[in-house]
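These protein sequences, in sequence, are chains C and E. So the first sequence is numbered by the working numbering: it starts at 1 and just counts up by one. So the second sequence is numbered by the working numbering: it starts at 1 and just counts up by one.
Think of the hints as simulated: they come from the structure by calculation, not from any bench. Watch out, some of these pointers could steer you wrong.
In the EDC-like style, the derived pairs of lysine to aspartate or glutamate whose C-alpha atoms are separated by at most 20 Å in a straight line are [to be verified]:
#: 1; chain 1: C; residue 1: Lys498; chain 2: C; residue 2: Glu534
#: 2; chain 1: E; residue 1: Lys297; chain 2: C; residue 2: Asp101
#: 3; chain 1: C; residue 1: Lys498; chain 2: E; residue 2: Glu406
#: 4; chain 1: E; residue 1: Lys411; chain 2: C; residue 2: Asp197
#: 5; chain 1: E; residue 1: Lys39; chain 2: C; residue 2: Asp126
#: 6; chain 1: E; residue 1: Lys414; chain 2: C; residue 2: Asp481
#: 7; chain 1: E; residue 1: Lys39; chain 2: C; residue 2: Asp406
#: 8; chain 1: E; residue 1: Lys9; chain 2: C; residue 2: Glu428
#: 9; chain 1: E; residue 1: Lys411; chain 2: C; residue 2: Glu137
#: 10; chain 1: C; residue 1: Lys403; chain 2: C; residue 2: Asp126
#: 11; chain 1: C; residue 1: Lys465; chain 2: E; residue 2: Glu164
#: 12; chain 1: C; residue 1: Lys135; chain 2: C; residue 2: Asp101
#: 13; chain 1: E; residue 1: Lys39; chain 2: C; residue 2: Glu464
#: 14; chain 1: C; residue 1: Lys194; chain 2: C; residue 2: Glu137
#: 15; chain 1: C; residue 1: Lys145; chain 2: C; residue 2: Asp197
#: 16; chain 1: E; residue 1: Lys238; chain 2: E; residue 2: Glu11
#: 17; chain 1: E; residue 1: Lys411; chain 2: C; residue 2: Asp497
#: 18; chain 1: E; residue 1: Lys39; chain 2: C; residue 2: Glu137
#: 19; chain 1: E; residue 1: Lys123; chain 2: C; residue 2: Glu464
From the structure, some residues in chain E lie toward chain C, with a derived Cβ separation under 10 Å [as the list claims (entries may be wrong)]:
#: 20; residue: Thr29
#: 21; residue: Thr42
#: 22; residue: Gly130
#: 23; residue: Pro351
#: 24; residue: Asn358
#: 25; residue: Ile409
Bear in mind that the values here come from a model prediction, so they are computed numbers and not experimental data. Ideal placement from N, C-alpha and C gives every residue a C-beta, glycine not left out.
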Amino acid sequence: MNKLFTTLSLAFFASRISAQSASFSANQLLLYGVVGVCAVLIIWAMMSLASNLLKIEASKYGIDPNSSSVGILPGLRDIFKAKKPSYANEGSFFHLTRGYDIRLDGEAALSVAEVKASRFAICPADFHGMSPIPKLEVQQGDEVKAGDALFFDKKRPEIQYVAPVSGEIVEIVRGEKRAISEVIILADKEIQHKKFDIPNLDQVDRSSLASFLASSGLWSLLKERPFDRVPSLTEVPVNIFISTFDTAPLAPDLSFVVQGQEAAFQKGLDVLAKLTSGQVHLGLDARGEKSPAGAFTNAQGVQKHWFKGPHPAGNVGVQIHHIAPISPKVKVWTVGVQEVITIGNMFLTGKFHANRVVALTGAELKNPQYVHTFQGASVQDLLRDHVTSENVRFVSGDVLSGKEVDQKGFLSFHGDQVTVLKEGNDYELFGWLLPLSPRPSVSGTIPSYGSDHKFEANTNTHGEKRAFVVSGLYETVLPMDIYPMHLMKAITSQNLDKMEGLGLAELTEEDVALCEFVCPSKNPMQAMLRQGLEYLHEQS
Amino acid sequence: MGLLDFFKKIEPDKKGSPILHTAYDAFFTFLFTPNAVSKGGTHIKDGMDLKRLMVTVVISMQLCYLFGTYNIGHQHFVASGQFLGFLEGFHLKLAHGLIKLLPVFVVTHLVGLGIEFYYASKKGHAVEEGFLVSGALIPLIMPPDIPLWILALSIVFAVIIGKEAFGGTGMNIWNIALLSRVFIFFAYPLTISGDQCWVSGYEKISSGASATYGWWHTSFFNGIFEKLGLTLFDPATKVADGFSGATPLALAYEGGWEKVTSVFSEGQMLWGAIPGSIGETSKVFIVIGALILILTKVASWRIMAGMIVGLIGTTWMLNAIGTTPFMQVTWTQHLMMGSFLFAMAFMATDPVTASTTNTGKWIYGILIGFIGLLIRVMNPAYPEGWMLAILFLNTFAPTIDYFVLESNIQKRLKRA
Chain C
1 MNKLFTTLSL
11 AFFASRISAQ
21 SASFSANQLL
31 LYGVVGVCAV
41 LIIWAMMSLA
51 SNLLKIEASK
61 YGIDPNSSSV
71 GILPGLRDIF
81 KAKKPSYANE
91 GSFFHLTRGY
101 DIRLDGEAAL
111 SVAEVKASRF
121 AICPADFHGM
131 SPIPKLEVQQ
141 GDEVKAGDAL
151 FFDKKRPEIQ
161 YVAPVSGEIV
171 EIVRGEKRAI
181 SEVIILADKE
191 IQHKKFDIPN
201 LDQVDRSSLA
211 SFLASSGLWS
221 LLKERPFDRV
231 PSLTEVPVNI
241 FISTFDTAPL
251 APDLSFVVQG
261 QEAAFQKGLD
271 VLAKLTSGQV
281 HLGLDARGEK
291 SPAGAFTNAQ
301 GVQKHWFKGP
311 HPAGNVGVQI
321 HHIAPISPKV
331 KVWTVGVQEV
341 ITIGNMFLTG
351 KFHANRVVAL
361 TGAELKNPQY
371 VHTFQGASVQ
381 DLLRDHVTSE
391 NVRFVSGDVL
401 SGKEVDQKGF
411 LSFHGDQVTV
421 LKEGNDYELF
431 GWLLPLSPRP
441 SVSGTIPSYG
451 SDHKFEANTN
461 THGEKRAFVV
471 SGLYETVLPM
481 DIYPMHLMKA
491 ITSQNLDKME
501 GLGLAELTEE
511 DVALCEFVCP
521 SKNPMQAMLR
531 QGLEYLHEQS
Chain E
1 MGLLDFFKKI
11 EPDKKGSPIL
21 HTAYDAFFTF
31 LFTPNAVSKG
41 GTHIKDGMDL
51 KRLMVTVVIS
61 MQLCYLFGTY
71 NIGHQHFVAS
81 GQFLGFLEGF
91 HLKLAHGLIK
101 LLPVFVVTHL
111 VGLGIEFYYA
121 SKKGHAVEEG
131 FLVSGALIPL
141 IMPPDIPLWI
151 LALSIVFAVI
161 IGKEAFGGTG
171 MNIWNIALLS
181 RVFIFFAYPL
191 TISGDQCWVS
201 GYEKISSGAS
211 ATYGWWHTSF
221 FNGIFEKLGL
231 TLFDPATKVA
241 DGFSGATPLA
251 LAYEGGWEKV
261 TSVFSEGQML
271 WGAIPGSIGE
281 TSKVFIVIGA
291 LILILTKVAS
301 WRIMAGMIVG
311 LIGTTWMLNA
321 IGTTPFMQVT
331 WTQHLMMGSF
341 LFAMAFMATD
351 PVTASTTNTG
361 KWIYGILIGF
371 IGLLIRVMNP
381 AYPEGWMLAI
391 LFLNTFAPTI
401 DYFVLESNIQ
411 KRLKRA
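The following block holds chain C by itself, in its conformation from the complex (with noise of 0.2 Å):
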């Protein structure tokens, strides 16, 4: 289709030429006109037979058949499409040009202060898919050391959830039915670890490694898609995909968190390259001046893929789409690199360091910054003393797929992020026609104030919720081959083929945060996308 397009105009520019080189009558215009038209499509049959023809002998090569070096004309998108910056000089590159950056205020400055946390906690409902009440290994008031088994489910008692820090469980909190909501630990002031033996990788098989990280916790940092759940043990993911980026709100840059875990980065990749069956794929920021970190660009025995573009350029479920798209039958995995940092130093010390580098940030902070400490730690520790007004949500991640927790809350399990914001519960006069203070916005009916501008965003829903009305909106925050209005619509009327056909799989909350961002009709898309992904998992 792209090339019939450069063909097609590559010969009308040609016949405007030649029509002002002389002057016809009406009934000879008529019959050049036709004759020309059949020359070209005779021209563009021909080529394309041996553009076809190129293919089919690529592919005896295997060579991807689809890829733009393959064919005799030049895409359009191969003409007009962006450089590759001069530091990606390896591994493939994207440019993603639909999406939108949510500039906000109150970044996190580059710098890490020490806060001694003392109350972690890890919540199984951090976990899509674990029966509401896992099976306890410690009571109240038992110690625990760093790495130590706290529950696993039922359903698969193998994989072992652990404790990220030493001390004492001082609480396990129960919700309605019974459901086990929190498990908390007070920490020791100096972290003793569990001592494992670690299994010599390049000895181990397959199998037992599997087990050996689904005993020692380590299973529990990975997710599989579809479905984003913690994997099975038996299933071979086809592929394992890491992003190096976080391009959402306020994100923490992850090419300074993962400054002096080098090492253990790249030995986290190593063990993960053990696990699938095809390669571990990392993609890479390409939007600075700057090159990524190092540790990063260096990575040994992975393929590198660029990424150009705003958010959701970051998320990995965009980056899978554009890598090696999924279907509901091939499973994958995804890890965050902190979590690739605790698999590697795993197995260069022997013990779990759930260390984290969380992000403090938001407009409601005094100084946003960095902090060290554990996985699931304590907002209110975290925060002590930089909350600078009453009337603020917390939110641990971003504010687009965030958990909004109370300030007695913890960090999410996979949390390195923490952002307050103003709740906006506040009337405000003409709202809808007169925006009195700035927001972000894609909508061209409201002031953008510049690329530059850092918004003070609150919690306002702006709007009351509707039927879904405008369409073609969604699509140009989502960079993906999708359709996500038409996909919400096959949820709600549960059209499981149709669901399913539209790339349901492909998705997770964060794909679709922008869309529901953006949503003028303000429907929930995250939480309707869930809900087709366990009717989906439900019936397959």
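Use these hints to put chain E onto chain C, whose structure you have.
This is chain E only, laid out in the frame that chain C set:
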């Protein structure tokens, strides 16, 4: 905020008087954006909502309203041979325009919003914004002399059968404003087609027919104008000799572009000083409205571009055949006549009834351009096709989308 406290105090009881509470809620949310905060999903939300979206559309047609109102008066006096200059008799033209437009506007909103409020309170949800746009569009596409009871009937039909029966805003298949117009077109064709209906304020459009001035003309406005020392409405006003009331399209059907330009200049058609529906005559102001919609990304440029491509392609085809004078009219001339641009800017782009996929929007737009122009040129009974073409494609938009989505699904299946 004193105003807020006041409105909070007068809030009616929801259980005791549901209709009153619905009306209060609609008015209150119109005045104040609610203090609702996000829950569960994204913590911040885009500043855009449907109210703002709809209001942007309404704002973009305000120039059409201004010009349309004045043009009602202008056409009225042109018919009588008085005040032929566009700005001559300014106050009289404006007054006559207001006398004709305001009742249409008020009836449209009373009936339409009345039904919306009733259904909202019955179903127990907030009043939806859909009728803001429909209610602003309907007066613009009506002839100035439309009998108000017919108008009311058409809106009842459009809103109840066309929208509420399907589940309210966002669920309807056909464009509400066009549905009300097509109702009149089939049920009371003489009030909305032919040469008789486009010039207002006369018993009928033939030489010597006298003006029908009522209390507003002769007492209210004449009273004011007398005090100000201005010229008054003259009850002896009659249709001038030889005035036919024909629109450019009717003329083009008879004798092509030559016949049109013998009556109307290109400038008149471009600026819209010609007889027609209230708001669709001025091409310049419609284009300004369309640009507002495109620049704010409220309406789809793909549909508009598709319609123009369809129009140009079909005109070329018809020009090549060229057996009747109307077939020889070029596409630029087609753009200047009739309501193509209005249909393009405000009718076809309704996001609910149009195609909802980007590829589908191109197909949808091109087909409207094609079918609408065929009806305009080839159909002897009714020389304008956009209303029917858009309603026809509204019906087929889900089918177009089905095929676009199906190709997406097939692509995914092939990969697996």
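Quick rundown of the hints versus the structure:
| no. | hint | result |
| --- | --- | --- |
| 1 | C/Lys498 / C/Glu534 | 15 Å, holds |
| 2 | E/Lys297 / C/Asp101 | 18 Å, holds |
| 3 | C/Lys498 / E/Glu406 | 9 Å, holds |
| 4 | E/Lys411 / C/Asp197 | 48 Å, violated |
| 5 | E/Lys39 / C/Asp126 | 17 Å, holds |
| 6 | E/Lys414 / C/Asp481 | 14 Å, holds |
| 7 | E/Lys39 / C/Asp406 | 13 Å, holds |
| 8 | E/Lys9 / C/Glu428 | 17 Å, holds |
| 9 | E/Lys411 / C/Glu137 | 48 Å, violated |
| 10 | C/Lys403 / C/Asp126 | 10 Å, holds |
| 11 | C/Lys465 / E/Glu164 | 18 Å, holds |
| 12 | C/Lys135 / C/Asp101 | 42 Å, violated |
| 13 | E/Lys39 / C/Glu464 | 12 Å, holds |
| 14 | C/Lys194 / C/Glu137 | 15 Å, holds |
| 15 | C/Lys145 / C/Asp197 | 15 Å, holds |
| 16 | E/Lys238 / E/Glu11 | 54 Å, violated |
| 17 | E/Lys411 / C/Asp497 | 14 Å, holds |
| 18 | E/Lys39 / C/Glu137 | 34 Å, violated |
| 19 | E/Lys123 / C/Glu464 | 16 Å, holds |
| 20 | Thr29 | 7 Å, holds |
| 21 | Thr42 | 5 Å, holds |
| 22 | Gly130 | 8 Å, holds |
| 23 | Pro351 | 5 Å, holds |
| 24 | Asn358 | 6 Å, holds |
| 25 | Ile409 | 3 Å, holds |
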